[in-house]
Amino acid sequence: MNQATQDKPGGHKTSFASTQRTDMWWVEPLLTGLGFLCFVVYTTWAMWQANHYWHGSYLSPLYSPVLFVDPTAPGAVPLEHAWFGSWPQWWPKFLPASPAMFILMGPLAFRSTCYYYRKFYYRSYFLTPPACAVTALPQADYKGETKLFLFQNLHRYTLYIAVGYIILLAYDAFISYFHHGKPGIGVGSLVLTINVILLSCYTFGCHAWRHLVGGKADCFSCPAGKEHLGHKAWSKVSMLNHNHQFWAWVSMIWVGFTDFYVRMVSMGVWTDFNTWGF
Amino acid sequence: MAKRMFRVWRGDADGGRFEEYTIDVDQGMVVLDCIHRIQALHATDLACRWNCKAGKCGSCSMEINGKPRLSCMTRMNTFAEDEVITVQPIKTFPLIKDLVTDVSWNYEQNKRIAPFKPGKKNKDGNHVMYQRDVERVQEFRKCIECYLCQNVCHVLRDHDKKDKFVGPRFMIRLASLEMHPLDTEDRIPKIKEEYGTGMCNITKCCTQVCPEHIQITDNGIIPLKERVVSRYYDPILALWRKIFSKKDPS
Amino acid sequence: MNISEIQTIEHDVLVVGAGGAGIRAAIECAQQGLNTGMLSKSLLGKAHTVMAEGGMAAALGNVDKRDNWKIHFRDTMRGGKFLSQWRMAELHAQQAPDRVRELEEWGAVFDRTPEGLISQRNFGGHRYPRLAHVGDRTGLEMIRTLQDFCVHQGIHCHMECTALDLLLNDGEVCGLVAYWRETGRFVIFRAKAVVFATGGGGKAWKITSNSWEYSGDGFGMAYRAGAELIDMEFTQFHPTGMVWPPSVRGVLVTEGVRGDGGVLLNNKGERFMFKYIPERFASETADSEEEANRWLDGDKDARRPPELLTRDVVAKAIKKEVEEGRGSPHGGAFLDIASRRPAEFIKKKLPSMYHQFKELAEVDITKEPMEVGPTLHYFMGGIRVDHDTQASTVPGLFACGECAGGMHGANRLGGNSLSDLLVFGKLAGAGAANYIKGKSLKAVDEKQATAIIRSATDILNREEGPNPFLVHEDLQAVMQTNVGIVRTGEELQKGITELQRLKDDAAKVKAHATSQYNPGWNEAIDLSNLIVTAEAVARSALLREESRGGHTRVDFEGEREEGLTYNVVVKRNAKGDMDARREKRPEPPKALADIAYANLEDLEAQNG
Numbered sequence: 548m549n550q551a552t553q554d555k556p557g558g559h560k561t562s563f564a565s566t567q568r569t570d571m572w573w574v575e576p577l578l579t580g581l582g583f584l585c586f587v588v589y590t591t592w593a594m595w596q597a598n599h600y601w602h603g604s605y606l607s608p609l610y611s612p613v614l615f616v617d618p619t620a621p622g623a624v625p626l627e628h629a630w631f632g633s634w635p636q637w638w639p640k641f642l643p644a645s646p647a648m649f650i651l652m653g654p655l656a657f658r659s660t661c662y663y664y665r666k667f668y669y670r671s672y673f674l675t676p677p678a679c680a681v682t683a684l685p686q687a688d689y690k691g692e693t694k695l696f697l698f699q700n701l702h703r704y705t706l707y708i709a710v711g712y713i714i715l716l717a718y719d720a721f722i723s724y725f726h727h728g729k730p731g732i733g734v735g736s737l738v739l740t741i742n743v744i745l746l747s748c749y750t751f752g753c754h755a756w757r758h759l760v761g762g763k764a765d766c767f768s769c770p771a772g773k774e775h776l777g778h779k780a781w782s783k784v785s786m787l788n789h790n791h792q793f794w795a796w797v798s799m800i801w802v803g804f805t806d807f808y809v810r811m812v813s814m815g816v817w818t819d820f821n822t823w824g825f
Numbered sequence: 004m005a006k007r008m009f010r011v012w013r014g015d016a017d018g019g020r021f022e023e024y025t026i027d028v029d030q031g032m033v034v035l036d037c038i039h040r041i042q043a044l045h046a047t048d049l050a051c052r053w054n055c056k057a058g059k060c061g062s063c064s065m066e067i068n069g070k071p072r073l074s075c076m077t078r079m080n081t082f083a084e085d086e087v088i089t090v091q092p093i094k095t096f097p098l099i100k101d102l103v104t105d106v107s108w109n110y111e112q113n114k115r116i117a118p119f120k121p122g123k124k125n126k127d128g129n130h131v132m133y134q135r136d137v138e139r140v141q142e143f144r145k146c147i148e149c150y151l152c153q154n155v156c157h158v159l160r161d162h163d164k165k166d167k168f169v170g171p172r173f174m175i176r177l178a179s180l181e182m183h184p185l186d187t188e189d190r191i192p193k194i195k196e197e198y199g200t201g202m203c204n205i206t207k208c209c210t211q212v213c214p215e216h217i218q219i220t221d222n223g224i225i226p227l228k229e230r231v232v233s234r235y236y237d238p239i240l241a242l243w244r245k246i247f248s249k250k251d252p253s
Numbered sequence: 053m054n055i056s057e058i059q060t061i062e063h064d065v066l067v068v069g070a071g072g073a074g075i076r077a078a079i080e081c082a083q084q085g086l087n088t089g090m091l092s093k094s095l096l097g098k099a100h101t102v103m104a105e106g107g108m109a110a111a112l113g114n115v116d117k118r119d120n121w122k123i124h125f126r127d128t129m130r131g132g133k134f135l136s137q138w139r140m141a142e143l144h145a146q147q148a149p150d151r152v153r154e155l156e157e158w159g160a161v162f163d164r165t166p167e168g169l170i171s172q173r174n175f176g177g178h179r180y181p182r183l184a185h186v187g188d189r190t191g192l193e194m195i196r197t198l199q200d201f202c203v204h205q206g207i208h209c210h211m212e213c214t215a216l217d218l219l220l221n222d223g224e225v226c227g228l229v230a231y232w233r234e235t236g237r238f239v240i241f242r243a244k245a246v247v248f249a250t251g252g253g254g255k256a257w258k259i260t261s262n263s264w265e266y267s268g269d270g271f272g273m274a275y276r277a278g279a280e281l282i283d284m285e286f287t288q289f290h291p292t293g294m295v296w297p298p299s300v301r302g303v304l305v306t307e308g309v310r311g312d313g314g315v316l317l318n319n320k321g322e323r324f325m326f327k328y329i330p331e332r333f334a335s336e337t338a339d340s341e342e343e344a345n346r347w348l349d350g351d352k353d354a355r356r357p358p359e360l361l362t363r364d365v366v367a368k369a370i371k372k373e374v375e376e377g378r379g380s381p382h383g384g385a386f387l388d389i390a391s392r393r394p395a396e397f398i399k400k401k402l403p404s405m406y407h408q409f410k411e412l413a414e415v416d417i418t419k420e421p422m423e424v425g426p427t428l429h430y431f432m433g434g435i436r437v438d439h440d441t442q443a444s445t446v447p448g449l450f451a452c453g454e455c456a457g458g459m460h461g462a463n464r465l466g467g468n469s470l471s472d473l474l475v476f477g478k479l480a481g482a483g484a485a486n487y488i489k490g491k492s493l494k495a496v497d498e499k500q501a502t503a504i505i506r507s508a509t510d511i512l513n514r515e516e517g518p519n520p521f522l523v524h525e526d527l528q529a530v531m532q533t534n535v536g537i538v539r540t541g542e543e544l545q546k547g548i549t550e551l552q553r554l555k556d557d558a559a560k561v562k563a564h565a566t567s568q569y570n571p572g573w574n575e576a577i578d579l580s581n582l583i584v585t586a587e588a589v590a591r592s593a594l595l596r597e598e599s600r601g602g603h604t605r606v607d608f609e610g611e612r613e614e615g616l617t618y619n620v621v622v623k624r625n626a627k628g629d630m631d632a633r634r635e636k637r638p639e640p641p642k643a644l645a646d647i648a649y650a651n652l653e654d655l656e657a658q659n660g
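Residue numbers (the numbering used here), protein chains in the order written: chain S, 548 to 825; chain H, 4 to 253; chain G, 53 to 660.
In case anyone wonders, no lab produced these hints; they're calculated from the structure. Here a beta-carbon is modelled for each residue, glycine too, at the ideal position from N, C-alpha and C. Fair warning: there could be bad hints in the mix.
Stated by the list, open to error - Chain H stretches covered by chain S per the calculated footprint, using a threshold of three residues with CB under 8 Å from any CB of chain S:
#1 33 to 46
#2 51 to 64
#3 114 to 121
#4 150 to 162
#5 190 to 204
Could you put together the complete structure from these sequences and hints?
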């Protein structure tokens, strides 16, 4: 009737992934791990395509800003949209002439140092721990973020870059309402606009941002007793921050979807409903 | 009334085993009530800590079906009807007996933290603080010291880095002091070097198990990490301090 | 047994109990440079102080400027039905504001007024908003502040250590014997003075808000050492404890619910408290719902709603409604705040009540009413002490907090407990520090120590005997039935007879297994103190032939003039039996009597 003595007094096992939990604790790390992997696979593939990222006045967010362009590729932006003109000659042949090459690093740096993403990938990929009260992958000398992961402390600098992207993408969304100078609206304009909004909700709910705009103060109304502007900002950011995980996922999925949408209409698979009638 | 089966860890530091008990469970009972019933009817020497029975004192922390919980706040009707309920002591601290562990390490950590050091009072003998200024630290002060966060934190639980990290409970204590509008003490150097903000990899299990629903990670540890960044890792701020004789811009 | 093999620890002052009063007393001693020890029956910071919800009464005058100590004193005397010790009520009202400010200086973070001062809330029996608070977890704030402060004061805190009995040398306290819960080993503490801050003994009743710790240890040990207990008949039944589910019956529902607008209803939806306003409070209590609602909206001319009458009045009213068939489904009354305040307000002001009901009873208090009924909550009576030094009648023994008697008279006002802990905790610490000046540690009587230890180990060693848990249940049933919220001489007599039987049972109980962290053994040890407590209450109650505050006799209804002339005092006689006697109260100091009987306007005018 009684069971044999366990690894540790108290009946706790100490081997990797052992637990007395009876629920399906592995579902969450598995799904989030796979979900993010899907996004990485898709964006890498999309980046490699080097085509169909432009339609009418819609620019895929994965390709913005366009620094150089090979205007001969199908679905590429016209030459005048590229900041520095046509594709450089020195570009190695084995890499595609994809404008996305130059820019994906920015958002990637922001997201990979994001406090939410850190939670999920330390769990899903590094298994420290895979889930709560489930034994972590054994490490000879666990160092946390004090050694190898010390770079995480520069998250606020990646935030500055991400804010730059928000401005660029807001501009892209704005020009999506004009086709050859003619104002109008299409489903694509809406997709691009929602993209900026979701990314803003994610970016401006950032923990580092929350600290910088007001959280760093110990007192929100000293010495005069009047509410500091920083407190107002901090309160607003805190509201977004409370759902940082939610915004992280929807904004990421929507970025992928926006690229996919532009790609589909550019390839002529889908038809963009709009007021311009193209 | 229904019969329910419990597997309760019985033993001490030298070893032990899961013992099975079947008892009648009435409507509205929580796991702690069941432990008491086992105590009264089957095992008067079954050791367990408890006090208030209302989730306010944080004494009755256990692991119930593998999840760190307050047993007084775990209702029996949250389990499936035929589910066997496994009750264990918390893992992270040395076992004394049955469901009781030696949590004295936590009390030692509290002593290491520099105490509250208020600024001067007003002439009328009062300190003035506004509600908006105290709300942030009031959240941290809800802590009932159940140590479930300390128990679930893998840095302490699996990697046993008790010499490098004071754990989520004391990160919250530090946050409540550092963000206190009246406090004048500077604990940031020790927060980085001794208390170990860097050891936390923000996997948030502490927040998940907190019975007081304190946002330990988002509102406590991460803001402390950011304060450490401002002091030690931000190159622009470092330059600023060099130029403007050590004063942070704010 | 060789006594020299038993661990011995020496202190100048030993404080027994680590709740609000105990820690405050220890801090006082430590700050005076004394070697101070503190015994805690459970872990530090878990004492019953954490359960205090509403707040800490002190006439700071932050919310209503008309408040001052004299009005607080007057409220306390009236709430205590004029049976409080005058000097204690005076000291308390005068010193409470300083203790609150001191707590803030040590790191407590109270809710604030719009001006940035410590906010104060309304509470039963207090004329003005007077309770400094933190939502509904003021006790937690207080004990954590004291705890965090005391760990830096050099106090030796002995956790999970239970005191067994005092050691006396030539009639003076010279230490005590205790045991470590963890190992079951015994330890002798030698000290020049001992301060008791052991709390009450609510565990003698079935429906109580108290936890296992509250077994009247202080009463029992002091009584056996020859100290006098006073006012033991006055037990406070808090009107609002949870009544359902059964396992949480008795768990407290803060008076703050009523202070913030909650109303009591019977099953007909009637706000019944209007029917139960005692004459003495009629002029200060609203007599219509309309006026009560105006008061809630902040109209300073409106009188207070009857739900905020003193606890004894409200508890008896609920009991009466239930008895006459107007109770809620599980035998209580409905406490409704959902229809009175918006959900957000409730969650903000009463967060732990919201969670408590949500998680324990699956009731959403922002949508539905709560079911509540009286629960044994507090002992007004206790160890008889000197008013300024808190010295008991045994030299070297001091007492403060709930285990000391006299401050609250026949009934304690809500919020006066937390301030009592700090005011008298400090005074007891100072009293003990003063007492030991020039004294040295006295020798321990080995025979006495051996006897104490033997009676504890006998429980484990005897072959067989009753189950301590079941004896305890038996005791709880006896007290609930015979010494409950309303009493008769006949029932009290019956209770006393039953207690004699229980004494015999308790002397024979058997605990199984070893002494190491053994709840059965711990429970068995507590039984003797519980029975002393129970007997003291029953005998005192039998002697007081009137109804006053927390003591209600069906056979002697109403307050009697004569009742004001004495206090009931309990002491062990030469034969070892319990004697209860009436002791004449001295005339009150004229200055204080003038304040207590003054009308409000005159007192308000004296502000500043």
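Do the hints match the structure? See the list:
no. : hint       : verdict
1   : 33 to 46   : violated (count 0)
2   : 51 to 64   : violated (count 0)
3   : 114 to 121 : violated (count 0)
4   : 150 to 162 : holds (count 6)
5   : 190 to 204 : holds (count 5)
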